[in-house]
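Respectively, the protein sequence lines represent chains A and B.
So in my numbering, spot 45 of the first sequence is number 56, and the numbers just go up one at a time.
So in my numbering, spot 79 of the second sequence is number 210, and the numbers just go up one at a time.
Derived from the structure by calculation, the hints contain no laboratory data.
Here the structure is a predicted model, which is why all the values come from computation and not from measurement.
A virtual CB, placed ideally from N, CA and C, is assigned to each residue, including glycine.
There's no promise every hint is true.
[Claimed, not checked] Pairs of lysine-lysine, DSSO-like flavour, derived with a Cα cap of 30 Å: (1) B:K149 - A:K16; (2) B:K167 - B:K149; (3) B:K149 - A:K122; (4) A:K122 - B:K153; (5) B:K149 - A:K79; (6) B:K149 - A:K118; (7) B:K150 - A:K16; (8) B:K167 - B:K153; (9) A:K118 - A:K79; (10) B:K153 - A:K67; (11) B:K172 - A:K67; (12) B:K230 - B:K150; (13) A:K82 - B:K153; (14) A:K79 - B:K153; (15) B:K171 - B:K149; (16) B:K230 - A:K79; (17) A:K16 - B:K172.
[Unchecked claim] Label-pair restraints from in silico Cβ distances: (18) A:I29 - B:A170: 45 to 51 Å; (19) A:P90 - B:M146: 36 to 42 Å; (20) B:P192 - A:Q13: 17 to 23 Å; (21) A:P51 - B:E187: 42 to 48 Å.
[Said to hold, decoys possible] Facing chain A, from chain B, some residues (calculated, C-beta under 7 Å): (22) A170; (23) F231; (24) Y232; (25) G241; (26) S242; (27) G243; (28) T247; (29) V248.
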Amino acid sequence: DQQVKQNSPSLSVQEGRISILNCDYTNSMFDYFLWYKKYPAEGPTFLISISSIKDKNEDGRFTVFLNKSAKHLSLHIVPSQPGDSAVYFCAATTDSNYQLIWGAGTKLIIKP
Amino acid sequence: ETGVTQTPRHLVMGMTNKKSLKCEQHLGHNAMYWYKQSAKKPLELMFVYSLEERVENNSVPSRFSPECPNSSHLFLHLHTLQPEDSALYLCASSRENDKFYLSSYGYTFGSGTRLTVV
């Protein structure tokens with residue numbers, strides 16, 4: 012049973028436009044959500060996180076939105092750049108267990 | 132340089148071979164993890180070490196044997212693997228029981244070892 016789901020295996024976006032990556036979760040006990048970015052043949056790198064007590068966190072071109080009632084979060088990248096082409100993983104953790112629960116990832120392709 | 136170094140980057144081994152993957156971190160972290168990433172699958176947590184003690188073993192076959200001699204080093208010993216074990220093996224580290232650190236920085240991953248079993 013996957014507690015963190017990324018239902019879109021891939022997403023293609025024009026350079027300069029907004030990329031929106033989605034993530035759904037089932038465990039209402041999750042209190043932190045994180046996004047990671049992964050290039051081929053490299054390990055994931057931490058991108059941005061959000062606490063469950065917030066509904067938005069912004070860092071430069073990256074904004075994460077959290078809708079607790081819908082158990083849904085999204086990562087917005089604007090404007091999208093070629094270097095953003097990568098696989099993006101959503102992850103979550105609870106207050107009592109500091110291990111991360113991972114989604115399957117979404118491959119983002121930025122078209123020139 | 133991510134702060135977590137994995138060697139080798141690539142490994143091809145036969146099913147009867149014995150090999151070891153190495154992971155090293157000098158970030159002052161006290162928790163280390165082995166993950167497996169197969170094509171089109173979520174990251175699979177294999178082992179967790181906290182303060183050099185194994186705290187989790189997610190039903191991993193005994194042909195995978197972890198070792199954590201100190202807080203900076205982690206090994207994954209491999210023997211009699213199967214072709215389906217071919218994958219990217221990732222090491223990660225973090226600060227255990229530090230919610231602020233985990234929520235702000237997450238795990239730090241190495242670049243992984245691409246393992247091919249022939």
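Exercise for review: With chain A as the partner, please determine if B:S242 meets the hint condition of a C-beta pair closer than 7 Å.
Suggested key: holds (5 Å)
**Study point:** Whether the CB-CB distance between A:I29 and B:A170 falls inside 45 to 51 Å
**Key:** violated (29 Å)
Review point. Was the hint right that B:T247 lines chain A, CB cutoff 7 Å?
Key: violated (13 Å)
Check your understanding: CA of A:K118 to CA of A:K79, is that 30 Å or under?
Key -> holds (24 Å)
Check your understanding: Has the given pair, B:K153 with A:K67, been kept, meaning a C-alpha gap of at most 30 Å?
Key -> violated (38 Å)
Check your understanding: Under the criterion that the straight-line Cα-Cα distance not exceed 30 Å, is the pair B:K172, A:K67 satisfied?
Key -> Given that 30 Å is the threshold and the Cα spacing comes to 28 Å, the pair holds.
Check your understanding: Is B:K167 close enough to B:K153, meaning Cα to Cα at most 30 Å?
Key -> holds (14 Å)
Exercise for review: Given the hint that A:K16 pairs with B:K172, test it: the Cα-Cα distance must not exceed 30 Å.
Suggested key: holds (12 Å)
Check your understanding: Does the Cβ distance between B:P192 and A:Q13 fall inside 17 to 23 Å?
Key -> holds (22 Å)
Practice item. Quickly compare the C-alpha distance for B:K149 and A:K118 to 30 Å and report which way the hint goes. Key: Violated, at about 34 Å.
**Study point:** Hint validity - B:G243 Cβ closer than 7 Å to any chain A Cβ
**Key:** Result: holds, 5 Å to nearest chain A Cβ.
Exercise for review: Go ahead and decide if the range 42 to 48 Å is satisfied by the Cβ distance of A:P51 to B:E187.
Suggested key: Given range 42 to 48 Å: violated, Cβ gap about 28 Å.
When held up to the earlier numbered hints, the structure conflicts with 1, 3, 4, 5, 6, 7, 10, 12, 13, 14, 18, 19, 21, 22, 23, 24, 28 and 29 and fits the remainder.
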